[in-house]
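Novice: As they're listed, the protein sequences go chains A and B. Going by the working numbering, the letters in the first sequence line up with residues 10 to 167, in that order. Going by the working numbering, the letters in the second sequence line up with residues 312 to 703, in that order.
Read the hints as simulated data drawn from the structure, not as lab findings. Computed from a predicted structure; not experimentally measured. Among the hints, erroneous ones may be present.
Here are the computed lysine to any residue pairs in the SDA-like style, where the Cα-Cα straight-line distance is at most 20 Å [to be verified]:
#1 B/K550 x A/V99
#2 A/K25 x B/K315
#3 B/K375 x A/T33
#4 B/K418 x A/V28
#5 B/K375 x B/E462
#6 A/K81 x B/E629
#7 A/K48 x A/D148
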Amino acid sequence: MAKMCAVEKNIMKNGKSVVVCDETRAALLPILQDIQKKKGYISDDDMQTVADRLGIHPVEVYSVVTFYSFLKKEKQGRHVIRISQCISNVMAGSDKIVKAFEKALKIKVGETTKDNKVTLEMTNCIGMCDQAPAIMVDDELIGGVTPQSVRTILNKMK
Amino acid sequence: MTIKRQGPVIFSDIQPDEGLKKALKMERGDLIETIRDSNIRGRGGAGFPTGVKWNLAAGAQADKKYVVCNADEGEPGTFKDRILLTEYPRLIIEGMIIGAYAVGAEKGFLYLRGEYRSFLPKLGKLIAQMKKEGLLGSDIQGKKGFHFDVEIQLGSGAYVCGEETALIESMEGNRGEPRNRPPFPVNTGYNGFPTVVNNVETFVAIPHIVAKGAKWFKSIGTEKSAGSKLLSVSGDCKKPGVYEVPFGVSIKEVLKMVGGENAKAVQVGGASGECVPSSQFHRKIAFEDLSTGGSVIIFNQKRNMLDVAENFLHFFREESCGQCTPCREGIPVLINGLGKIRAKECSLSYWDDLLSLCETMQIASKCGLGQSVPKAFLSILNNFKSEYTLIK
Chain A
10 MAKMCAVEKN
20 IMKNGKSVVV
30 CDETRAALLP
40 ILQDIQKKKG
50 YISDDDMQTV
60 ADRLGIHPVE
70 VYSVVTFYSF
80 LKKEKQGRHV
90 IRISQCISNV
100 MAGSDKIVKA
110 FEKALKIKVG
120 ETTKDNKVTL
130 EMTNCIGMCD
140 QAPAIMVDDE
150 LIGGVTPQSV
160 RTILNKMK
Chain B
312 MTIKRQGPVI
322 FSDIQPDEGL
332 KKALKMERGD
342 LIETIRDSNI
352 RGRGGAGFPT
362 GVKWNLAAGA
372 QADKKYVVCN
382 ADEGEPGTFK
392 DRILLTEYPR
402 LIIEGMIIGA
412 YAVGAEKGFL
422 YLRGEYRSFL
432 PKLGKLIAQM
442 KKEGLLGSDI
452 QGKKGFHFDV
462 EIQLGSGAYV
472 CGEETALIES
482 MEGNRGEPRN
492 RPPFPVNTGY
502 NGFPTVVNNV
512 ETFVAIPHIV
522 AKGAKWFKSI
532 GTEKSAGSKL
542 LSVSGDCKKP
552 GVYEVPFGVS
562 IKEVLKMVGG
572 ENAKAVQVGG
582 ASGECVPSSQ
592 FHRKIAFEDL
602 STGGSVIIFN
612 QKRNMLDVAE
622 NFLHFFREES
632 CGQCTPCREG
642 IPVLINGLGK
652 IRAKECSLSY
662 WDDLLSLCET
672 MQIASKCGLG
682 QSVPKAFLSI
692 LNNFKSEYTL
702 IK
């Protein structure tokens, strides 16, 4: 699994500031985000390891993983495309963008391509309504997407 | 490139560190008094007076105190914080430092929504830079005993975490489930310590207020809503973007600014806000009339308003944290009811049942999310009766 120290904090030791690994409960979300980023999902084993490390029950970890929509129990593609489905995006024609991605990737929303490269998802408002229809490709926000630009976006992905 | 309308406060000119340096020269009590005197209210939407909040936190007796910047804007149609985080991040941190000085906090968190993860590197660099300049760290600006540091905490795609107690739960490593209030965060916040949670826009306004004075700030806006507001305008208009307007501006004036005069309705405040029909376009953006975190979504004559109501309900179904019954169970019933209305299968008596459910949700839901679900639903169905018929 991913290296555990996702959260470093400064503490004072003998009058000197030293960096240590945060292993309190507050570090849980950053640790999970780190695993998600590196592996693309958080496995049962990961949850057990994290729980042991922080001294909490694995079901506590599970409850957090299942709460947040960007944390996944199931393996995702190397890239995740999220299409905003808020009303401004719907009005700007996000359904056409969805279709264009589905056609180009030969999958439906919620699925991952067979080569495990791309997962396609819908998501709620991503804060790009002024440039709707907008999408997220991994961490990047992209506005003004057209069915024609879908190909270009996909070609840019490694 | 985002369209921006320059306004009197947030986008007005200010020297770097002007407000911050002035604040650090003031006594804590005077600083809080200035903020309180300015009448600034929280820009996230709830509108709690910032000076009162700071005063409560300052007066709380505790070993530790925290300042948290809520950068988890998730309300559909809101994107003003995106602009502030990318173009005015220094003012945000300055506002946080001023807040920390005022209440006596040593640690601050910027809770950044997961959707804005790409802003992390630049924000991290800025914080490092401000440490180098002696604006963060120990004995800030030579002020003995004033230590303050800011850390960025990332969200992971949960709308409800914008609610301050859910945000604190999330920071503590839990599911983002809102807590009962009281106790309020100013008393029992992060890890049980007094915590001030303010919106990004509130923090950006603070250095301006300190630099230019409470009187100047109060001269903008209305009597009950001092200052200006950033509006995130989207939907059917020629110029969507972020507009800074003085409080008290009417919907009609906003529509003129953005090229959306021909609108049939405007949703003010996003999914948890109110749908305003054209007959009410004289209404004003202000805490005393249309209170909003800034989301303005415009609908043209061709839009089906029931589509809009349905989109909002689906949004809430996904984002409800599920801990309290009125919200968790109420939303699916409203969705089902709306389906019946659309299929012309809803009787007047069932409609009455839905109304009573809405009342229950507004009264009995634990947090703002559940309490606001019926707001858009009712304002759309009450204002656009011509778009559906009930069975008599």
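Novice: Determine for every hint whether it applies to the structure shown.
Specialist: Now the hints, each set against the structure:
| no. | hint | verdict |
| --- | --- | --- |
| 1 | B/K550 x A/V99 | holds (18 Å) |
| 2 | A/K25 x B/K315 | violated (46 Å) |
| 3 | B/K375 x A/T33 | holds (17 Å) |
| 4 | B/K418 x A/V28 | holds (16 Å) |
| 5 | B/K375 x B/E462 | holds (16 Å) |
| 6 | A/K81 x B/E629 | holds (16 Å) |
| 7 | A/K48 x A/D148 | holds (15 Å) |
In this structure, only the earlier hint numbered 2 is contradicted, and the remaining ones agree with it.
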